[in-house]
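K.L.:
Count along the sequence shown from 1, add 54, and you get the number used in our numbering.
These are calculated hints, taken from the structure and not from any lab test.
For every residue, glycine included, the Cβ atom is placed at its ideal position computed from N, Cα and C.
Among the hints, a few may not be true.
[What the hints assert, rightly or not] Keeping only pairs whose Cα atoms sit at most 35 Å apart, straight-line, the calculated DSBU-like set for lysine-lysine is: (1) LYS319 - LYS452; (2) LYS177 - LYS424; (3) LYS510 - LYS442.
[As the list claims (entries may be wrong)] FRET-style restraints, in silico, Cβ to Cβ: (4) PRO435 - ALA182: 27 to 33 Å; (5) GLU207 - GLY296: 15 to 21 Å; (6) LYS300 - PRO164: 36 to 42 Å; (7) PRO221 - GLU148: 37 to 43 Å; (8) GLY296 - GLU133: 24 to 30 Å; (9) ASN219 - LYS103: 37 to 43 Å; (10) GLU468 - GLU441: 33 to 39 Å.
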Amino acid sequence: MKSLSNYPNTMKRFNSNNPRLLEINARIWIKRFGINCTLSSVPDEELRKWRGIGIELIWLMGIWDGNKEVINEYCFEPELISSYNSALKDWRKEDVIGSPYSIDRYEVNPLFGTRQDLLSFKKKLNEAGIGLILDFVCNHFSAKSSLIWTNKEIFLPADEFIFKNDPYTFYPSPANDKEYLAHGRDPLFPPWKDTAQINFYSREARNYLTSVLIDLTELCDGVRCDMAMLPLNNIFYNTWIGVLKKYGFEKPEKEFWQEAISQVKIKRDDFIFIAETYWDLEWQLQNLGFDFTYDKRLTDRLVAGEIHSIKEHLQAEKAYQEKSVRFLENHDEERALIKLGRERSIAAAVIVSTIPGIAFYFDGQCDGKKIKLPVQLGREPEEKQDEKIKEFYRNLFKITKSNIFKNGNWKLLETYPVADSDFSYENLLAWEWRLDEDLRIVVVNYNHSASRCRLKFNIQSISDDIILTDLLNNVSYKRSVKEISDKGLFVELKSFNSHIFSLSEAVSDQTLH
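Using the sequences plus the hints, can you model the full thing?
P.N.:
Dropping the structure here:
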């Protein structure tokens with residue numbers, strides 16, 4: 055197996071080891087530009103806006119065409135209707151356009167225009183220094199995908215006996231009512247009934263999906279692979295053991311991702327693979343060739359407020375950290391303001407934006423949106439924007455656009471107590487970034503109480519004093535180099551407040567805090 059260290063750094067093309075990614079619900083977003091707008095006619099101002107805040111990757115979620123026949127059958131179940139009611143009070147039947155993860159085949163949804171419109175949009179993005187990420191829904195297609203008629207060998211089969219014993223997981227094939235298929239599923243949850251499960255123990259299925267990926271290298275710069283752990287041989291076996299045994303499917307010698315990624319990288323070695331993954335399988339997928347993997351564990355720890363576990367998490371190996379996708383929200387998650395509250399969400403945003411890996415943002419997050427929109431809906435509610443959140447993100451993006459956060463060297467710093475009886479230093483998280491002679495110090499109080507600590511870090515200075523400028527709060531401090539070296543920099547922060555310091559030489563007549 056080719057180890058992850060042998061793959062080239064795919065982000066060098068976009069001049070960033072730690073890129074910023076913005077996910078956009080494409081079927082909602084395209085309508086903001088008018089009813090007849092296609093990808094090729096998206097205003098240039100939109101691209102300039104993204105580039106202006108330092109976004110290097112745009113993930114257009116939901117670009118592929120679905121199958122409208124599954125909507126009436128599968129998209130009006132009680133739990134889905136409840137979610138529609140919560141998100142869009144005045145929703146109508148025509149607002150339900152189906153899940154973007156129940157795709158017919160990898161063809162551009164006519165809502166966005168044609169394949170050529172997509173290529174034109176990609177070209178404009180690349181000229182602006184932005185890469186395009188699209189969905190690769192590896193585990194399944196639509197339950198009524200046209201591929202069931204043309205490529206039925208790629209799907210997991212069943213028979214009448216299996217179907218009658220579990221009619222929720224299995225269903226009659228729409229192409230032949232004497233044949234049966236499985237719905238796609240995660241083994242820990244009920245099946246996704248609007249989908250048909252791919253058979254990863256089938257050579258035909260693996261070859262077909264690999265050919266899709268190779269074709270996608272022309273349409274985009276990378277793929278976000280939905281539920282990327284499900285095709286792993288052992289997980290697939292444990293999920294579908296009964297069917298696999300009955301039909302005599304044997305475990306493949308290699309993992310699907312090992313085969314597919316290596317073939318795609320031959321075609322285009324800078325193509326980016328991002329894995330949505332859980333169950334502590336991130337490292338395994340990285341070693342199968344994924345450039346980046348979801349870091350849901352960090353998100354959960356930020357929500358739980360587990361400061362010690364956050365610190366432990368940030369002590370993982372450098373190679374793992376640099377390939378992690380850090381996020382507070384996405385289309386599957388509750389909005390950050392809802393699950394964290396405003397002040398804690400701001401502190402958490404500083405954290406995920408200033409540690410190694412991909413800093414991932416979701417459309418509306420930076421406006422303070424609170425409503426989680428079900429992916430089946432094609433219309434969004436009007437929401438009042440949060441001006442404090444908008445101003446915070448404008449400032450944060452301005453700070454983190456600096457090359458030091460994109461290509462510098464990161465190091466976790468230890469916090470020390472100010473006094474023997476003061477344990478509040480344990481509430482503070484701190485790290486540094488260095489690039490050439492440049493230095494940034496980040497300190498976050500991730501606690502409800504005011505907290506204090508001392509920080510020690512190396513300073514190359516010919517002066518006795520240095521100036522620390524807090525870029526987040528626009529305040530400067532004059533401090534002794536000797537004190538920082540001997541005792542450590544004294545830091546005191548109110549609850550969920552942060553510093554991002556830049557350092558410079560002190561001028562003798564400066565009067566500061």
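K.L.:
Return holds or violated for the Cβ distance of GLU207 and GLY296 against the range 15 to 21 Å.
P.N.:
20 Å Cβ-Cβ, so the 15 to 21 Å window holds.
K.L.:
Can the suggested window of 33 to 39 Å be confirmed for the beta-carbon pair GLU468 and GLU441?
P.N.:
Holds, at about 37 Å.
K.L.:
Can you confirm whether the C-alpha distance between LYS177 and LYS424 stays at or below 35 Å?
P.N.:
Within the cut-off at roughly 33 Å; holds.
K.L.:
Cβ-Cβ distance between ASN219 and LYS103: within 37 to 43 Å?
P.N.:
violated, 54 Å
K.L.:
Against the 35 Å threshold, does the CA-CA distance of LYS319 and LYS452 hold or violate the hint?
P.N.:
Holds, at roughly 34 Å.
K.L.:
With 36 to 42 Å as the target window, see if LYS300 and PRO164 comply at their CB atoms.
P.N.:
holds, 40 Å
K.L.:
LYS510 and LYS442: Cα distance at most 35 Å?
P.N.:
holds, 32 Å
K.L.:
Can the suggested window of 24 to 30 Å be confirmed for the beta-carbon pair GLY296 and GLU133?
P.N.:
Holds: the Cβ-Cβ distance is about 27 Å, inside 24 to 30 Å.
K.L.:
Using the Cβ atoms, figure out if PRO221 sits within 37 to 43 Å of GLU148.
P.N.:
violated, 30 Å
K.L.:
Is the hinted range of 27 to 33 Å satisfied by the C-beta distance from PRO435 to ALA182?
P.N.:
Holds: the Cβ-Cβ distance is about 30 Å, inside 27 to 33 Å.
This entry does not satisfy hints 7, 9, going by the numbered hints stated previously.
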